[in-house]
Amino acid sequence: MNKYFPSKIITKKEVLELNLNYALIILNRPIQIKRELIETLWNNSLINITVDGGTNRWLNFLKNNNLENKLKHPTLITGDLDSCHAESLKFFTQTKVIQTVDQDETDFTKCLRVLEPFINELKLDHTVVICENSGRLDHIIANINTLYKNQLKSNEISRPVFMLSSTSISFLLPEGKSEIHIPECAKKLWCALMPIAGPTTVSTEGLKWNMKNFEMKFGGLVSTSNKYDGISDFVKVECNLPILWSMGICDEI
Amino acid sequence: MYKFFPKNILNIKEIKKSQIKYGVIILNNLIKLDPLHMETLWKNSMVNITVDGGTNGWLNFLKKNNLEEKLQDPNLITGDLDSCHAETLTYFKDVKIIQSNDQNENDFSKSLRALEPLCKEFNLNQVVVVTDNSGRLDQIMSNINTLYKNHLKLKEHIRPAYMLTSTELSWLLPKGKSEIHIPECAKKQKCALMPVGRPTVVSTEGLKWNLKKDEMKFGGLVSTSNKIDKQTDVVKIESDFPILWSMGIRDD
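These protein sequence lines are chains P and D, in that order.
Be aware that the first sequence starts at 1, since it is given in the numbering used here, and climbs by one per residue.
Be aware that the second sequence starts at 1, since it is given in the numbering used here, and climbs by one per residue.
Simulated from the structure, these hints should not be mistaken for lab results.
Treat the hints with caution; some may be incorrect.
Computed cross-link-like contacts, PhoX-like style, restricted to lysine-lysine with a CA-CA straight-line distance of at most 25 angstroms [what the hints assert, rightly or not]:
| hint | chain 1 | residue 1 | chain 2 | residue 2 |
| --- | --- | --- | --- | --- |
| 1 | D | Lys213 | P | Lys149 |
| 2 | P | Lys149 | P | Lys177 |
| 3 | D | Lys177 | P | Lys217 |
| 4 | P | Lys217 | P | Lys13 |
| 5 | P | Lys217 | D | Lys155 |
| 6 | P | Lys217 | D | Lys175 |
| 7 | D | Lys120 | D | Lys7 |
| 8 | P | Lys3 | P | Lys149 |
| 9 | P | Lys149 | D | Lys217 |
| 10 | D | Lys149 | P | Lys227 |
| 11 | D | Lys177 | D | Lys212 |
Over 10 angstroms on every C-beta distance to chain P, these chain D residues come out as not near it, computed from the model [stated by the list, open to error]:
| hint | residue |
| --- | --- |
| 12 | Asp34 |
| 13 | Trp42 |
| 14 | Asn66 |
| 15 | Asn75 |
| 16 | Leu124 |
| 17 | Ser134 |
| 18 | Gly135 |
| 19 | His157 |
| 20 | Thr165 |
| 21 | Lys177 |
| 22 | Pro183 |
| 23 | Lys187 |
| 24 | Pro199 |
| 25 | Asn210 |
| 26 | Glu238 |
| 27 | Ser246 |
All figures in this text were calculated on a predicted structure; none of them were measured in a lab.
Ideal placement from N, C-alpha and C gives every residue a C-beta, glycine not left out.
Kindly generate the complete structure, drawing on both the sequences and the hints.
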């Protein structure tokens, strides 16, 4: 049984109180998450990684919020670095750069590989990835593929990877049973289950439109713009293949 | 073998001279296409539909580009209309509205359904969907699902729905062999083949990284950030299931 508590990631209070061990990754999309939450996530993470153009995004974020000299530098900069500006590399003097040039994998996939040895070393519980779901379709799809690839890793190094945007949190549910706690402020928002990799048999509880041993697939049922039943604190999902879950989150931190 | 000529919807001269009949659907409420391109697509289409918030987007586009009295009204406004502003509906008061609150289908699917009888009436061969990847992952996936459902419904009669953003063009390739004739604007641009929904065995010619009967699947090979080889005029693809193709149409 896998249990997920998104509020532990998206609520400043819980991030501070719970003091979980996590890694934070910044990908190459505009940073639109509330400044206070990003600051909190950055300050409390055990390892901060900016990936290629994400490094530029991070520097812009610091400049736009007068935080240049207030937040610690990234622990690592990774990627093939074809989008990373020289200015960004120059600014982050305390940051180790690991250039990953392999063109067979995306920068995000390679970043999670770089992170692997730190998982046991730092006893990491999960990874938070800052990335808006906008821009190139193939990049959005590639990030989802990275989640699937990560899912295939051994139990020793496979940890949940949460994709966090300004309006949603998305993650892969493994095969079997999962429970997702619904943060209070998210209860009136949307949620979705998307069988990206292939037809998946799914049962749910706690949703407005539940499924009972239903085969979900593209060309058929893909549960988007779903909602919650209004009485449950948890959504329960059972599936025979990993499936992508996404849910709306609110602005309050 | 199916042949695709995206220049008929990407190149302004080609749009005007092409004999191919198409419909336009405006899905999103911020139109980022080059204004002349958008105007040309609209003027030369047989049927124009604005969907819910896309109707606001269309009105904003007209105002921003001083086109209010110059372009024909949409033929239809569709969707559940929960995002459509009262001001917009007042402006387009003479336009036929097909409102649907059915929660089992997204607005895009509903608009294709509304377009169906007009496809027959006007002999439409393709649909151009003006959209954007703007934030909600489930809506992006929902639109991709609509492409699959639409494809399954039409079966042997291929009538592609091209998803057009300001930087890329995406559509579902049917199973079997396809040829994509690469327009000038897309040469040397990035492209991608994405087996959304199921593993697919694929072969290609004309790409920087070609495939040869490779199984594409999530958790394995998904060909993103590929490129159209600089020598290529025609990309050839063969797949055992429909597969999602995307290509850049201008520099990012």
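Hints versus structure:
no.: 1; hint: D/Lys213 x P/Lys149; verdict: holds (21 angstroms)
no.: 2; hint: P/Lys149 x P/Lys177; verdict: holds (20 angstroms)
no.: 3; hint: D/Lys177 x P/Lys217; verdict: holds (23 angstroms)
no.: 4; hint: P/Lys217 x P/Lys13; verdict: violated (38 angstroms)
no.: 5; hint: P/Lys217 x D/Lys155; verdict: holds (18 angstroms)
no.: 6; hint: P/Lys217 x D/Lys175; verdict: holds (17 angstroms)
no.: 7; hint: D/Lys120 x D/Lys7; verdict: holds (24 angstroms)
no.: 8; hint: P/Lys3 x P/Lys149; verdict: holds (21 angstroms)
no.: 9; hint: P/Lys149 x D/Lys217; verdict: holds (10 angstroms)
no.: 10; hint: D/Lys149 x P/Lys227; verdict: holds (23 angstroms)
no.: 11; hint: D/Lys177 x D/Lys212; verdict: holds (13 angstroms)
no.: 12; hint: Asp34; verdict: holds (18 angstroms)
no.: 13; hint: Trp42; verdict: holds (23 angstroms)
no.: 14; hint: Asn66; verdict: holds (28 angstroms)
no.: 15; hint: Asn75; verdict: holds (26 angstroms)
no.: 16; hint: Leu124; verdict: holds (22 angstroms)
no.: 17; hint: Ser134; verdict: violated (5 angstroms)
no.: 18; hint: Gly135; verdict: violated (6 angstroms)
no.: 19; hint: His157; verdict: holds (16 angstroms)
no.: 20; hint: Thr165; verdict: violated (8 angstroms)
no.: 21; hint: Lys177; verdict: holds (20 angstroms)
no.: 22; hint: Pro183; verdict: holds (19 angstroms)
no.: 23; hint: Lys187; verdict: holds (18 angstroms)
no.: 24; hint: Pro199; verdict: violated (6 angstroms)
no.: 25; hint: Asn210; verdict: holds (14 angstroms)
no.: 26; hint: Glu238; verdict: holds (20 angstroms)
no.: 27; hint: Ser246; verdict: violated (5 angstroms)
In terms of the numbered hints stated before, the structure departs from hints 4, 17, 18, 20, 24 and 27, listed from lowest to highest.
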